Structure formats: structure tokens, C-alpha cells
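K.L.:
Next come the chains, spelled out residue by residue.
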Amino acid sequence: MSFEGKLALVTGGGRGIGRAIGLKLAAQGADIIVNFFRRRDAAEQTAKDIEALGVRAEVVRANVGDPAKIDEMFDMIGDKFGHLDILISNAASGVGRPVMDIDVKAWEWTMDINTRACLLCSQRAARLMEGRGGKIVSLSSLGSFLVWPTYAVVGVSKAALEALTRYLAVELAPRGICVNAVGASFVQTEALKFYFEEQLALGNLPITPAGRMVTTEDVANVVAFLCSEEAFMIRGQTIIVDGGFSIGSAAFSLGRKD
Amino acid sequence: MSIEEQIREIMAKITHVEQSIITRESTFKDIKADSLDVVQALAAVEETFGIEIPDEEAQKFENFGDFVSYVERQVPQQERV
Ligand SMILES: NC(=O)c1ccc[n+]([C@@H]2O[C@H](COP(=O)([O-])OP(=O)(O)OC[C@H]3O[C@@H](n4cnc5c(N)ncnc54)[C@H](OP(=O)(O)O)[C@@H]3O)[C@@H](O)[C@H]2O)c1
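Same order as they appear, the protein sequences are chains A and C.
10 is the number of the first residue of the first sequence in the numbering used here; add one for each residue after it.
8 is the number of the first residue of the second sequence in the numbering used here; add one for each residue after it.
Keep in mind the hints are simulated off the structure, nothing from the lab.
A quick note: this is a predicted structure, and the numbers were derived from the prediction, not measured.
You may find that some hints are simply not true.
DEER-style ranges, computed between Cβ atoms [as the list claims (entries may be wrong)]:
1. A:Glu60 with C:Glu32: 41 to 51 Å
2. C:Glu16 with A:Asp112: 24 to 34 Å
3. C:Lys39 with A:Gly63: 45 to 55 Å
Straight-line alpha carbon distances no greater than 30 Å define the calculated BS3-like cross-link-like pairs of lysine-lysine that follow [unchecked claim]:
4. A:Lys78 with C:Lys20
5. A:Lys78 with C:Lys67
6. C:Lys36 with A:Lys57
7. A:Lys202 with A:Lys89
8. A:Lys89 with A:Lys114
For each residue, glycine too, the CB sits at the ideal point set by N, CA and C.
Please put together the full structure from these sequences, using the hints given.
P.N.:
What follows is the structure, encoded as C-alpha cells:
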């Protein structure tokens, strides 16, 4: 796999899974645009670490929940680079509440950042991929089909994101653009602490058959694969990276003999 | 416009309240700002003034005045207009 000469935009690329994806693509030669929302320090550190790998890095602030900011970001990319090869729609936010407490504002906040942003970024990215093809990968979660406490609105936004991924995959295929998603289980980042602090503290997170938790690098590896030519015939899929968590019960791992 | 006026304008736009009801003593609740509004306001203020407001600091703001004072301390004197 080589991404030499390719330009990738990672939304929410300053920390967590987005950071790992940026570093992974950069290690294989891609120049990276690191988008962030509020944590400029993290984004700049990631850009520095990316540049240390010998490629170009650019930091751009944009709240992807705001269509005008998405436009500004892509205007900048168009002016400065004139093209884009890879879009990683990774930024996410959400309001952790039980269904009875979800109000319109919480719903819109989450859907705008997690789902609508992927549509709007893909539309703008597709134009910058004109004539050269491209790859779009978005980050989903097992919460799109499993039920977790207080995860409802995020889970719904991810289910919609996966449906959007299928439509994009079909409708952008004639433009030479491959679109897929990666669905992760619990990955140790700040988001995990936000939703599952209590379970983590109690040591309650179900054990995965693979024997350990998924890391940001595990996710980045699969994202990078989906950005490669080897994955050309995978379209509109959500590839699950969960160490078998969603298919094997925790009891499975109790039988491990290692 | 002073820093205070600019932040008041940002805040009022987000929560759809009259600027005149936002005083230094107003709590976020008085301004009808819930936690999502506050995040939006923080982001807008950070962008406007080119500063970063860590969440740990923002959590200490008890009212609009605390918010303004924090920003005033972060923005270099010479950049103020
Ligand atoms: N962690 C998990 O267990 C897990 C599991 C399954 C799926 N995922 C998915 O993987 C992706 C990354 O998750 P993570 O755990 O790395 O998240 P995280 O640690 O919470 O980081 C969130 C990232 O999104 C950015 N962001 C948030 N709101 C934004 C906005 N309005 N505009 C632009 N950027 C915004 C943040 O930017 P700032 O740094 O500027 O705040 C940050 O880079 C998400 O799509 C998440 O749903 C995570």
C-alpha cells in the first residue's frame, strides 16, 4: 500500500481515532489535512507528528456541524491544493441521554455533526476528486445496531451514516470514487470515557473474543486498507473492527487457553 | 466593539435572546444557554479571538462576566480594538 502523492482530509483528525488514521496514511506517503473543532493544540501536535514522517500536513479549523464552515474548509482546500484524493469522515459528537430526554436540539446537534457532515463533505470532496477518482471512508460504531445506555441519538446517527455510505457508494461509483465505512467497538479514546466511564471503572466492559480491546491503530489499519487499490471491489460496506465482540458472547473468551 | 460586546453578540445569536438581557452577572441559565449552546459559544469565541479555552476552564465560569474576563485575559492587549 502506498499513498505517495495523495492528499487526504481527516475530519476530527487531531486526536483519537482520527489522529491514528492521519498518521497511518502519512506513514504510507499521503499528505494530510487535519481538521479540528476546538482542540487546536492536539491538531497542531498531530500535524507536527505527521510532518516528522516526511509528508505535508495542514491544520484547518471547522465545525463540521455548520455547513458554512464545511464550505470554507473546502474552499481553502480547493484554493490551496486544487484537488483531494481521500476523505475520512471521522469527526463525531453526541449527547449522551436516554431516549426520553432527547430533545430537538440534542438530535440536530448529533445528526448534523455525525451524519449531515458526511453528506456535505462527500459532495464537496467528490468535486475535488473529479477526473482522478478517490476514496471516502466514514467512521461508524456498533451502536448503529446494538443498544447501549445513553447512546441512542449517536446510534441512530451512525445507522443513518451507514445507509448514506451505501447511497454514496453507488452514486459516486461512476466518478471512480470508492465509499465505505468502518464500524468500531469500544476503542480507548476520550469518547469512550464520555459514554462508558462507569462501565470502564467497574471493569465491566465485555471482553472481546480477540482477547483485548480494539486500539486506534486497529481501526486505522482497516481504514487505510479501504483507501487502497486492494479494496477496489469493496463498496458501500461497513467493515466491523471489534475483535469479534458483536458476534461472540463474552463467555467465548472465558474458554481461551492462552 | 469591545471583547465583551463581541461575546455578547455571539451568545445572543446562539441562544436567540435579546443582547440587552445579557449582563456580566447573567448565568448561562439566565441566558437560556444549555451545554450545547455553551460549546457552540466557546467555539465561536475561540475562532473570533484565535484563542483556546480548555473545557476545564470553561467549567469554572459561573456567569457571563467570568467568560468575558477569561477571554480578556487571553487576548493580548495590542490586538484589542
Ligand atoms: N472511541 C470509540 O470507542 C469509538 C467506537 C466506535 C466508533 N467511534 C467513532 O470513531 C470516530 C472517532 O472517535 P474518537 O473516539 O476518536 O472520538 P474523540 O476522541 O471523541 O474525538 C472526536 C474528534 O471529533 C472532532 N469533532 C467533534 N465535533 C466536531 C465538529 N463539530 N467539527 C469538527 N470536528 C469535530 C474532535 O475535534 P477536537 O479535537 O477539535 O475537539 C475530535 O478530533 C467517531 O466517528 C466515533 O463515533 C469511536
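K.L.:
Hints the structure violates: just list their numbers, smallest first.
P.N.:
Numbers 6, 7 and 8, in rising order.
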